[in-house]
Amino acid sequence: MRANHPVCTMIFLYVCSLSKGEKNEGDYIEKGEITMSEKPSSVPGQEQDRQPGLESEMNPRPDFKENLSKGSGKLFGKTALITGGDSGIGRSVAVAYAREGANVAISYLDEHEDAKETKKHVENEGAKCLLLPGDIGDEQFCNSLIDSVVEEFGQLDILVNNAAEQHPKEAGLEEISSEQLEKTYRTNIFSMFYLTKSALKHLKEGSSIINTTSITAYQGAPNLIDYSSTKGAITSFTRSLSLSLAEKGIRVNGVAPGPIWTPLIPSTFDKDLVEGFAKEAFPVPMKRPGQPDELAPSYVFLASEDSSYMSGQVLHVNGGVVLNG
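full-length UniProt numbering puts the first residue of the sequence shown at 1, with every later residue one more than the last.
Please keep in mind that the hints were generated in silico from the structure rather than gathered at the bench.
Glycine residues also receive a C-beta, built at the ideal position from the N, C-alpha and C atoms.
Please note that a few of the clues may not be correct.
[As the list claims (entries may be wrong)] Below 20 Å or equal to it, Euclidean Cα-Cα: the simulated SDA-like pairs (lysine to any residue) are:
#	residue 1	residue 2
1	K119	S148
2	K204	V150
3	K279	E170
4	K120	L109
5	K248	S198
6	K169	G276
[Stated by the list, open to error] If you anchor each label on the Cβ, the simulated ranges turn out as follows:
#	residue 1	residue 2	range
7	K204	D306	33 to 41 Å
8	P60	D110	42 to 50 Å
9	E280	D138	31 to 39 Å
10	A281	E151	24 to 32 Å
11	E182	D110	14 to 22 Å
12	K197	E38	39 to 47 Å
13	E280	E38	40 to 48 Å
14	P168	S69	33 to 41 Å
15	P168	F76	38 to 46 Å
16	L243	D270	39 to 47 Å
17	E151	D306	23 to 31 Å
18	P40	D306	24 to 32 Å
19	P40	G172	28 to 36 Å
Full structure from sequences and hints, please.
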């Protein structure tokens, strides 16, 4: 129910000159009612020849901010590091965090144009954005990543372990090479150990760690055996780490997306599967792919004080699939 008092319904613009990239607590502007736009029920068949893929080459482009709520300062004064923040889910989370008042650092492999576009959108929300390219499967890079964030912003409050890779193999386990297995594990789960271990030197009471797992951790996927097993490991990592850090006041939670329209899809599946995405391929009750801006609010919730009594949990944003565990 909406309150009628103007103090409850309006957020006023703090009218003072601000340097670019800085946001004050009074800078949240009433943007009007947010209405959900109609999400596409399907996407045309398409492929990209490299992984993790480019958002700039997708048709249609994913929705990353169209349905985000107006900022209310829930993350004001915070600094967040988001892996895979150049595109897809990571881009939407970066913009959502900026809209809520946080400065953002994003790591990515080498998709520089996508990263620059994300930086532009983050800065348009009045926040600062630091771009940090490199391979998170390398422990030394992960350590330098954390150091760079703290050197730039003086703090780290939110760690979003989001980046991942996948290599579908229709023949199943026999087709997974040792090289692929190690690379998938290094990117998807080893990186979370590396980054979190390094970040713990800087995370204080009230900080939040959010790990992106997957519906495949709960359902499995015959053509993504190595990927699915890393996502199962991430779920267990989230639960165990939450118990380890509870006394320090650091919360650890996860988000398990279903079939979401991100660059990883056309860069890893053939065009026929992409055309049937979320219907014939990875079907869900809502019968359409999810969009990144339908996930980002979950990451805001888990990073903010709204979830202050929640740790060790996983939010399932998957198009209506009922899961236990």
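These are the hints, each one checked on the structure:
1. With a C-alpha separation of about 16 Å, the suggested pairing of K119 with S148 holds against the 20 Å cut-off.
2. Annotation: proposed proximity of K204 to V150 holds, straight-line Cα distance about 13 Å (limit 20 Å).
3. At most 20 Å may separate the alpha-carbon atoms for a hinted pair to count; K279 and E170 meet this at roughly 18 Å.
4. Restraint check: the Cα-Cα separation between K120 and L109 comes to about 18 Å, which is no more than 20 Å; the hinted pair holds.
5. At roughly 16 Å between alpha-carbon atoms, K248 and S198 fall within 20 Å of each other, so this suggested pair holds.
6. In summary, the hint linking K169 to G276 is supported, as the alpha carbons are separated by about 18 Å, within the 20 Å threshold.
7. The beta-carbon spacing between K204 and D306, approximately 19 Å, falls outside the hinted interval of 33 to 41 Å.
8. In this structure, P60 and D110 break the distance hint of 42 to 50 Å, their C-beta atoms being roughly 24 Å apart.
9. A C-beta distance of roughly 38 Å is found between E280 and D138, which places it inside the suggested range of 31 to 39 Å.
10. Look at A281 against E151: about 44 Å separates their beta carbons, and that is not inside 24 to 32 Å.
11. Here the CB-CB span from E182 to D110 is close to 20 Å, well matched to the stated 14 to 22 Å.
12. Roughly 44 Å separates the CB atoms of K197 and E38, a value that falls within the hinted 39 to 47 Å.
13. At roughly 22 Å, the beta-carbon separation of E280 and E38 lies outside the given 40 to 48 Å, and the hint is violated.
14. At roughly 35 Å, the beta carbons of P168 and S69 sit within the given window of 33 to 41 Å.
15. In this structure the hint that P168 and F76 lie 38 to 46 Å apart at CB holds, the actual value being about 41 Å.
16. At roughly 41 Å, the beta carbons of L243 and D270 sit within the given window of 39 to 47 Å.
17. Between E151 and D306 the Cβ separation comes to about 30 Å, which falls inside the hinted range of 23 to 31 Å.
18. For P40 paired with D306, a C-beta distance near 30 Å keeps the hint of 24 to 32 Å intact.
19. For P40 and G172, the Cβ-Cβ distance of about 31 Å falls inside the hinted range of 28 to 36 Å, so the restraint holds.
In summary, the numbered hints that this structure violates are 7, 8, 10, 13.
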